[in-house]
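If you use mature numbering (1 follows the signal peptide of the UniProt record, and there is no 0), the sequence shown corresponds to residues -27 to -1, 1 to 109, in order.
Honestly, the hints are just simulated from the structure, not real lab data.
Check before you lean on any hint, since a few could be wrong.
Per label pair, the in silico range of CB-to-CB distance [claimed, not checked]:
1) 41 / 85: 16 to 22 Å
2) 26 / -15: 20 to 26 Å
3) 24 / 66: 32 to 38 Å
4) 39 / 84: 18 to 24 Å
5) 59 / 93: 14 to 20 Å
6) 25 / -15: 54 to 60 Å
7) 40 / 62: 15 to 21 Å
8) 57 / 91: 15 to 21 Å
9) 32 / -15: 57 to 63 Å
10) 43 / 88: 31 to 37 Å
Here a beta-carbon is modelled for each residue, glycine too, at the ideal position from N, C-alpha and C.
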Amino acid sequence: MTRNDAGRKFSATLIAVIASFAACANAQTAGGASTITASPMVQVSTSPPGSRSDDAIILDVRRAIRRVPDMVDSAIHIRAHRGVVTLTGWVPESWQISRAGNAARSVRGVRGVSNRLTAKKHHVAAIEQPLAPSQG
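Work out the full structure: start from the sequences and follow the hints.
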């Protein structure tokens, strides 16, 4: 091997090393970490940008209603269709109807609320009936 051949091989190796370092430098982000560019599967959404699934909206509406102080939500049923939420069932106090509707409207992705809740008071008179004296 002549000195000229050795110089060419060295130059070729040096160029290959420099090219490798340049490729690594380009693959790094601004923070200095490497990025992974290959993705085996890509998920494609058929819904409009910014919309959320009805199941996610129902879950978040339930959470929002439960965050309302003194709210009894055990008889509230929540449905959603394309971002429109329907509240059905009953609540013990009339003020809870509007608060439940407002809580539902505050959830991201809700486009409208159909509030069909009713107030259903328990009859206090039936609970407070005097007990009959025991015979003995």
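Hint check results:
| no. | hint | in the structure |
| --- | --- | --- |
| 1 | 41 / 85: 16 to 22 Å | holds (19 Å) |
| 2 | 26 / -15: 20 to 26 Å | violated (55 Å) |
| 3 | 24 / 66: 32 to 38 Å | holds (34 Å) |
| 4 | 39 / 84: 18 to 24 Å | holds (22 Å) |
| 5 | 59 / 93: 14 to 20 Å | holds (18 Å) |
| 6 | 25 / -15: 54 to 60 Å | holds (55 Å) |
| 7 | 40 / 62: 15 to 21 Å | holds (18 Å) |
| 8 | 57 / 91: 15 to 21 Å | holds (20 Å) |
| 9 | 32 / -15: 57 to 63 Å | holds (60 Å) |
| 10 | 43 / 88: 31 to 37 Å | violated (18 Å) |
Figure legend: structure checked against the earlier numbered hints; hints not met, in rising order: 2 and 10.
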